[in-house]
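Trainee: Chains as they are written, first to last, in this note's numbering: chain A, 654 to 936; chain B, 15 to 356; chain C, 260 to 606.
Derived SDA-like pairs: lysine to any residue, alpha-carbon spacing no greater than 20 Å straight-line: (1) Lys254(B) - Gly501(C); (2) Lys595(C) - Asp62(B); (3) Lys890(A) - Pro764(A); (4) Lys236(B) - Asn298(C); (5) Lys86(B) - Ser496(C); (6) Lys425(C) - Asp408(C); (7) Lys563(C) - Glu931(A); (8) Lys288(C) - Phe273(B); (9) Lys254(B) - Asp516(C); (10) Lys329(C) - Gly263(B); (11) Lys461(C) - Tyr157(B); (12) Lys132(B) - Gln307(C); (13) Lys46(B) - Leu495(C).
Label-pair distances were calculated between CB atoms; the ranges are: (14) Gly137(B) - Asp446(C): 26 to 34 Å; (15) Val344(B) - Leu671(A): 51 to 59 Å; (16) Ser262(B) - Tyr454(C): 57 to 65 Å.
I should point out that these hints are in silico values taken from the structure, not numbers from a laboratory. A quick note: this is a predicted structure, and the numbers were derived from the prediction, not measured. In this text, a Cβ means the ideal position worked out from N, Cα and C, and glycines have one as well.
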Amino acid sequence: MSRTYYDNNMKEMLIPKLGIVTDIRVDTPDIKTFRVTGLDGGVCFSHIPGQCAMLSIPGVGEAMFSIASSPTNKDYMEFSIKKCGCLTEWLHQMDVGQQITIRGPYGNGFPVEADLKGKNLLFIAGGIGLAPLRSVIKYILHYRENYGKIDIVYGARSADDLVYLEELQNEWNNVENVNVFLTIDREQEGWTGHVGFVPNYIKELNFDADKTALVCGPPIMIKLTLAALAELGYDKKQVFTTMELKMKCGIGKCGRCNIGSKYVCKDGPVFRCDQLDELPDEF
Amino acid sequence: MQRVSVLIELIRERAQKLLEDGIVNRVIGWKKGEFFYDRTPAVFQASDDLSELIYDGFCSANLSKYLIQENKKDGKILALLKPCDTYSFNQLIKEHQINRENVYILGIGCPDMLDINKIRGKGIKGIQKIEENDDELIIDTLYGQRKCRREDVLLEKCLSCKGREHVAYDELVIGDLRNDLTIENEAMSDSASGKNPYEMVEKIEAMTPDERFAFWRSELSKCIRCNACRNVCPACTCIKCIFDNDRSGIASKANTDTFEENMFHIIRALHVAGRCTDCGECSRVCPQQIPLHLLNRKVIKDINEFYGEYQAGADTETVGPLISYKQDDVEPDIIMRKGGHK
Amino acid sequence: MMFKINKDRWPELFSEISRDRELYMPIEKAGQIQFEKWNVDAKVRLDQLNTVKSPKDFFFPQSENIVAFKTKGKNISIFENHDESRPFVVFGVRGCDAASFKILDRVFLAEPVDTFYKTRRENATVITLSCNEPEETCFCSIFEIDPVDPAGDIETWVIDDVLYWKSITEKGHALTDDIKKLFEKADQQDEEKIYNHKEKVKDIISKLPLQNLNINEIFKNNSMLEIFNSSKWKELSQPCMGCGTCTFICPTCHCYDIRDFDTGHGIQRFRCWDSCMYSDFTRMSHGNPRSSQLERFRQRFMHKLVYYPENNDGAFACVGCGRCISRCPVSMNIVKVAKALGVKDDE
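Here chain A stands alone, though its shape is the one from the complex:
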């Protein structure tokens, strides 16, 4: 597993930097993607795919968000944020040019330079879950020759809830040895693609068990997907997923995200599924 990487230029991990929102794209009715740069342009800090950052608006709140862009992008960082609470509501109504505070990177990220190197990869995501995986996908596409075959299975409630549709259908699908499979939960007028829940789709697609799977989405989807992968012969050690618990400090000290002997902000949020078995059932 990749070692947690911190930005050692920060004097104190709890004091944030300033960032500015340079672009806002509406992806779905409740998801927007924000582009953030430092005040002088460029990224605020470097990161590993899968890591997160704490964004805040002073007086409104602070929360942890996955960095949806790859570290190979030095011009800006992207965050895809779903509107579901006080802070996210505020973020959704802000304009371009708004300054925010940002601190990070936090978490352990996906082992792109270790366990995943040279392997065939199977990305499985549901809804907003594609956001953290996007940073991995873009990284891997940048260093294409270091990785094997790539399959992406992505589903959402409806066609209007699919994020990154443009990239999925018109960019990634066109790269050699990359296959994209999309699905939506229920029939919808105008949708000619697959209809069905992601876990069932996985079983239908009947993948070989020679891949390393990366799964991210709502807890129920992850649970059923893991069961589907097990049916296809996947061992728990081949499957990575991300966990989400409320986080405050981001550095494994305040105790909020503590589960078992792990801190999700520090030892996670990326876990291999056999490691999850060792944790108490509190997530």
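Add chains B and C to chain A, keeping to what the hints say.
Mentor: Coordinates of chains B and C only, in the frame set by chain A:
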């Protein structure tokens, strides 16, 4: 403990019988802890061993608070309530927090509760065993035997006991603990030493505003915002307390030594005004021994003066003066007529 | 080198120490004994075993400013307004509290280091005080803490109104050198007196009721998930009111919250103590993984007795100070939990 030790046998017997007859399916009482004086509230199921159920001078916890959650569960629960606890119970019935049918009250006699902090305050450490001999406590400690008078180490609230009559019960188990239901109960004359509950309140009222401010700032500066007082109070039943609500503007957990932080206690006293039965739990549980009951007693004293004598929880019918309107209710300028600073 | 100084000269000693540094010690204020700043009128009380609030406050304060913001339109300005830390001395720390600092160190000084905490630790000189009258609620010895020779920068004993003083670390030597002109050297008689006194206290400790709690045995034979799923939690958590008193007075509890406060002319971001016992501690926008008091109660004790030791070479996050035992409103405490869990379900 002689009189109480007889009582506990009676209580266990009754509880056992009620469980066996299926009238109740569980009992809430107290369980013995690690030390001679430590008693934890506990729920005993029908299958549990009632020999663990204990009752003595250290069982001061007001079990009415637990009934709020417990009475929502299946079946009837047997509750052991002391006289002062029953006032809280009635108040909760009035507020529809407890369904009377789900609780069977065993009104138990009270020997006046002891305060372990007062015992420790006498320099008695390393307590191994406590025995009662009439009005004296004989304490075996790691540093030798100590003695003290029982009445010197009673809980503050017991010094001005409201009376030994239970105001709500299905059955009484009193034993011979100085209770006689045939005598008209005058709250003061029956109590342990008949202390005026408003004695300290009057002292504080007589202070100048500066002295009073200094007194309360000094006491409240000890507060660590642990919220024990709020959580133990039977009147504090809000599902989401205003102090837990980020949007209220007063949810600060910072506990800095500012006047704003000290307002927590004053705000809470006003929120429970008219519903506080003066059960004294707040002061008992405060780890810093802040005399919080004085704030509540001041409110009760004022209510008595303005609207006539009123004891919250004395019955389940009387509507409290703060939630009823009468033509002759005092006008707000009473504050000026009383002298402004009182 | 052991020094000594008589009680009548202690004000001189404290005065000398507080010339260049802030000096804190157990002082009586409004009827309670707390660690307060010493001044010449202070009522010093070294006879009380434990203060109610533990001295973790010196390194991990109940509230502290992290950073301030001013917003104007879409712009934000950041002001670092963290309180400066100055060198200070904490006197009269018991063995249990001194050991709690080591437990907090493992959390706050782990990567990434909490610089606020680190600065305060570096600025502090800890003077421990040996216990004369352990109480029935003490059980520090089961965590291998020595209350008779409590580890600190400087160790002290009070016997018959004489303060005996021995510096141990570099920091301790530095402070002692500054003030040693006030001391007398302890002689052979003194050494014997101290030895006899220590033996007497050790004897008392061996008679303490919680002395025999074999905590390692209790937790060695059960796996984390076995303990987690024990049926005992229901009974144990039943009286718990979730008030948080235990977490606030415990010298090793360290959960905190980060909040923003609107000062009227800006936003102050600060850190403050929080409690895993509170109902909204783990609440997220899509639910609460610990929605019942049982789960929260279990989390606190699992963290102290199982999770923390797993991450820290078997060290328990408890020092046996006994504060939770004497202060819990419903008399629930870590000893009862440990004992209940030590008995297997099928026994």
